[in-house]
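J.: Next come the chains, spelled out residue by residue.
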Amino acid sequence: MKELKLMKGNEALAEAAIRAGCDAYFGYPITPQSEVLEYLSREAEKRTGMVVLQAESEVASINMIYGGAGCGKKVMTSSSSPGVSLMQEGISYIASAEVPCLLVNVQRGGPGLGTIQPSQADYYQSVKGGGHGDYKMIVLAPSSVQEMADFVSLGFDLAFKYRNPVMILSDGALGQMMEKVELQPHQERSTELLQEWATVGRTPDRDSNFITSLHMQPEQMEEVNIHLQNKYKLIAENETRVECVNCDDADYIIVAYGLVARVCHNAAQLGRDKGLKIGVIRPITLSPFPTDYISKASEQVKGILDVEMSAGQMVDDVRLAVNGKKPVEFYGRMGGIVPTPEEILAALEEKLVGGK
Amino acid sequence: MEEKVMEAVNAEENICVPENLIYQRPETLLDVPMHYCPGCAHGTVHKLIAEVIDELDIQGKTIGVAPVGCSVFAYQYLGVDFSEAAHGRASAVATGIKRVMPDKYVFSYQGDGDLAAIGTAETIHTCNRGENLLIIFINNGIYGMTGGQMAPTTLPNMKSTTSPYGRDVQTMGNPLVMTDLIKQLPSVYYITRQAVNTAGNVRKAKKAIKKGFQYQDLNKGTSFVEIVANCPSNWKMTPLQSNKFLEDQMFPYYPLGDIKVPEKEVK
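Chains as they are written, first to last, in the numbering used here: chain A, 788 to 1143; chain B, 73 to 339.
It is possible that some hints are incorrect.
[Unchecked claim] Chain B is faced by these chain A residues, among others (derived, beta-carbon under 10 Å):
hint : residue
1    : 808
2    : 855
3    : 911
4    : 986
5    : 989
6    : 990
7    : 997
8    : 1006
9    : 1010
10   : 1019
11   : 1107
12   : 1110
Note that these hints are calculated values from the structure, not bench results. Note that the Cβ used here is the ideal one computed from N, Cα and C, for glycine as well.
Next up, chain A with everything else stripped away, as it sits in the complex:
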């Protein structure tokens, strides 16, 4: 009964959205993720009646999300790095107003207009805020086409459970590459499911519902902030996800997420072939970050190498987790270049093995 298909990551994500009972998608074309909008434009409305609208900009699409998601519907958008930058204002409002929704960033190399090749340089933007104010998204980092699909319904579940925006932080390679994917069965669109907080038309038994992030009294605004921070703490306790491969006997650990984690598995294998015991820790949730897990894992190893397709962003969080107990080194490629297993192993040997 397994439904297996060979699909691009972007298409698998779009198909998963239809199957997850998504009510609406608002988006704007940008490489390397335009297949999401294209696929949904072709497939979604005729199959489930899902709304698909090409907005005039990412600024408009994130605000359509704010409106649609404010009605308690399952609403999503996707974009790539420059487009996600344009959405940051809206994401801040969404987080403050506690509107559940799913956002996807198929990252490309930057800064600026950058390139259309894969990158992981939007880590800070995704997990440290991005927009103004103290807020956090839940950030899921897929490392395969399968996870591009699976994280859609997981993302919606988490978004509604905590009334919080969820981001799938992918990259241009995962979006474009084709892999085997097992598709989940169709879920009914729960269009009649009414959230008690949503703007769906006031009923006589209640006061008006507001979706707002405006609180003019500082005491009230602080209360909202305290509520949000408590929620983020709860999310960190309940929802931190991490994958660990060959860490039990490891002398060295590589920490990497997304596409690069897969390259690191190969690097670790190359190392083991040479007698170096290397394990790989892959944070699946980047926010909340698996701080405790990495902290504990670091105790039994000689050193940790963080590998990213960036100048080194997640490495800050790894260093905070390890807290100086063990050396944490960094290796990265930028601008759309994916590192090879050989160069990662060479970096580990040079920075951690050779030096000690």
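On the provided structure of chain A, position chain B as indicated by the hints.
T.: Just chain B now, kept in the frame of chain A:
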């Protein structure tokens, strides 16, 4: 003479009975003090929206979108579900709402800075897609909430805190007439420009707002109701002076009346 006066002020009689009721606060207008300045048009337009919602009996089917600007708190005064949008994004937010709740009545309420400066793109594209919703556009030619800066609709030579010597059209551009832009878009169903400075104009404005809601039953496109409004505080005028300024300066530049009406009504 003496006896008649006694009759008229008979203190014993209770006149507060339903038969004598000729006017009351619309149910949708919440019984809370508004923050608007004395003489400001916002309060009047809020009341008209509330009356229309009551008359159409759509309080439970209406979703409003408030802007950033003086009317940012519209949701505290009107007893319907409301979304408070970021500056300029009200019509995009309204689009998102209407698309997922097509059977609801959706309106955005936006000022000139919101709708015609920072939100111009969203306004034009919402109208160009013919989103089946009502945009209420309060045009008072100035930024109210931030304290009287120049708006896209500030008149030539009009003084503001950021055009202290008057709006120089050579360097600051001419006032943007939004209805001129959107009347060219086939998907806009209804465009009108009204005011609330006189009793007669209030009545006409109410009719226009009512149409903007009723037309949503037809699913024929966007309704755009502009209200040319005053801003006594930031115009540095008394309410009466501001009404005179409306007549003398604003209406000649922004003439009142229908700009685009459904074909059936053209006769």
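J.: Are the hints correct? Go through all of them and say.
T.: For each hint, the structure was consulted:
Given the 10 Å rule on beta carbons, the hint for residue 808(A) is violated: about 13 Å separates it from the nearest Cβ of chain B. A distance limit of 10 Å between C-beta atoms decides the matter here; for residue 855(A) the minimum to chain B is near 4 Å, and the interface restraint holds. The closest approach between the C-beta of residue 911(A) and any C-beta of chain B is roughly 22 Å, which is over the 10 Å cut-off, so the hint fails. About 4 Å separates the beta-carbon of residue 986(A) from the nearest beta-carbon of chain B, less than 10 Å, and the hint is met.
The interface hint given for residue 989(A) holds, since its Cβ lies 5 Å from the closest Cβ of chain B, which is under the 10 Å cut-off. Contact between residue 990(A) and chain B, as hinted, is supported at the beta carbon level, the nearest pair being about 6 Å apart and thus within 10 Å. Annotation: residue 997(A) was flagged as interfacial toward chain B, and the flag holds, the nearest CB pair being 5 Å apart, inside 10 Å. Because the smallest distance between the Cβ of residue 1006(A) and any Cβ of chain B comes to about 18 Å, over 10 Å, the interface hint for this residue is violated.
Taking 10 Å as the C-beta cut-off, the interface hint given for residue 1010(A) is violated, the closest approach to chain B being about 17 Å. At its closest, the beta carbon of residue 1019(A) sits 22 Å from a beta carbon of chain B; the interface hint therefore is violated under the 10 Å criterion. Residue-level restraint check for residue 1107(A) is violated (minimum Cβ-Cβ distance to chain B is 32 Å; threshold 10 Å). Annotation: interface hint on residue 1110(A) violated; nearest CB of chain B at approximately 39 Å, more than 10 Å.
Comparing the model with each numbered hint stated earlier shows that hints 1, 3, 8, 9, 10, 11 and 12 do not hold.
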